[in-house]
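**Q** Below are the chains, spelled out letter by letter.
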Amino acid sequence: MKAIFSTTLIALASAALLVQGPACAATAKPAATATAPQLLAAQSELGFTSKQMGVPVDGRFKRFDAQLSVDPKKPEAGKVSFNIELASVSLGDPALDAELAKPVWFDSKKLPQASFQSSAIKALGGGRFEVAGKLNIKGQARDVVVPLSLAQAGTTTTASGGFVLKRLEFKIGDGEWADTSMVANDVQVKFKLAFSGVAPL
Amino acid sequence: MPSHPSARHHGLTIFLHWLLALAIVGAFGMGLYMSDLPLSPTRLKLFNWHKWAGMTILALSALRLLWRLAKRAPADLAMPAWQARAAHAVHFLLYLCFFAVPLSGWAYSSAAGFPIVWFGVLPLPDFVPVDKLLAETLKERHEQLAWLLALLVLAHVAGALKHQWIDRDGLLQRMLPGPR
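As they're listed, the protein sequences go chains A and B.
The opening residue of the first sequence carries number 16 in the numbering used here; numbering runs sequentially from there.
The opening residue of the second sequence carries number 3 in the numbering used here; numbering runs sequentially from there.
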């Protein structure tokens with residue numbers, strides 16, 4: 016679930032960035048439109064916090080990618096897609112990470128990727144956006160809306176945000192782990208996605 | 003010799019003694035059983051219950067120590083001086099372990115990145131950073147201290163039974179609940 020949320024967030028962020036980028040480029044530097052925004056993996060983070068019997072446990076995904084395409088004139092028509100390698104999940108403990116690869120959790124051998132595909136982007140003003148789309152994890156597709164905000168520093172544009180994913184909607188932690196008194200259904204997803212090639216906002 | 007069998011411990015002292023005896027035996031048994039379990043909801047449950055029990059033992063031990071300092075124990079029964087010294091040494095080390103075992107477990111939890119949320123409600127602060135190597139060391143210390151506590155409990159129980167069955171001096175009655 017965490018992965019799904021994360022993916023969604025990233026996708027939303029990416030979409031927002033793309034939309035903003037082309038628009039700015041068009042007004043300031045027409046040449047910039049030729050440069051598609053690139054995810055700066057080293058500066059990006061995709062993390063989550065789940066609760067086990069009330070104890071917050073932080074995790075993250077090490078490998079993910081995003082593709083953006085956007086019409087600067089119509090940010091609402093922009094598209095963001097996101098892929099997360101579920102096997103790259105880490106709770107910081109190799110034994111737990113191996114556990115998460117099992118079918119009851121992410122089943123990452125059978126379905127290695129989680130994905131997000133945006134369907135609508137809404138500008139809320141003040142650098143804030145809402146990206147709606149479909150999040151697909153473990154063969155379960157759900158509509159999600161991810162709020163995010165954009166900040167620019169130099170040539171880097173950073174989208175950050177978070178949302179709550181219901182892990183059971185994606186069968187993350189199935190069977191004996193479905194008990195939400197043990198592992199809460201709500202998983203807080205947090206992301207920080209850095210992109211290059213986004214025109215000034 | 004101040005050997006009055008009637009010099010019983012205070013009711014609260016007796017209550018805390020047996021409550022903590024039960025909690026410590028329970029936490030030790032859980033700790034022993036859970037450490038080799040494969041990852042499962044049962045293991046997760048036992049680890050959290052063990053931590054909750056440990057923190058309860060820590061809090062009750064603090065209360066107990068304050069109570070003991072405020073209300074001195076009755077005088078020793080007649081016994082050879084070395085036996086009295088040995089009993090006091092065991093008591094002193096037991097009290098040390100009442101604090102050292104839970105505190106090392108708390109630190110181990112923090113270092114492992116799984117902080118304690120007391121009874122799933124009250125998050126306890128982390129006084130050591132998340133550090134896997136430190137966590138391994140603290141885990142070993144926690145286990146060693148728990149075994150030391152177990153040995154001290156055995157010595158304590160053996161001493162009490164010696165008084166009950168060999169010396170027959172009524173020492174055990176002083177710590178048993180019942181009419182004065």
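Hints were generated in silico from the structure; no laboratory data involved.
Any given hint could turn out to be false.
[As the list claims (entries may be wrong)] Straight-line C-alpha distance at most 20 Å; calculated DMTMM-like pairs for lysine to aspartate or glutamate:
{"no.": "1", "chain 1": "B", "residue 1": "K47", "chain 2": "A", "residue 2": "D108"}
{"no.": "2", "chain 1": "B", "residue 1": "K164", "chain 2": "A", "residue 2": "D201"}
{"no.": "3", "chain 1": "A", "residue 1": "K205", "chain 2": "A", "residue 2": "E91"}
{"no.": "4", "chain 1": "A", "residue 1": "K117", "chain 2": "A", "residue 2": "E100"}
{"no.": "5", "chain 1": "A", "residue 1": "K181", "chain 2": "A", "residue 2": "D108"}
{"no.": "6", "chain 1": "B", "residue 1": "K134", "chain 2": "A", "residue 2": "D108"}
{"no.": "7", "chain 1": "B", "residue 1": "K47", "chain 2": "A", "residue 2": "E100"}
{"no.": "8", "chain 1": "A", "residue 1": "K66", "chain 2": "A", "residue 2": "D158"}
{"no.": "9", "chain 1": "A", "residue 1": "K66", "chain 2": "B", "residue 2": "D78"}
Owing to the predicted nature of the structure, the values given are computational and were not obtained by experimental measurement.
**Q** Hint by hint, where does the structure go against what was stated? Just the numbers, ascending.
**A** Hints 2, 3, 5, 7, 8, 9 are the ones this structure does not satisfy, whereas the remaining hints hold.
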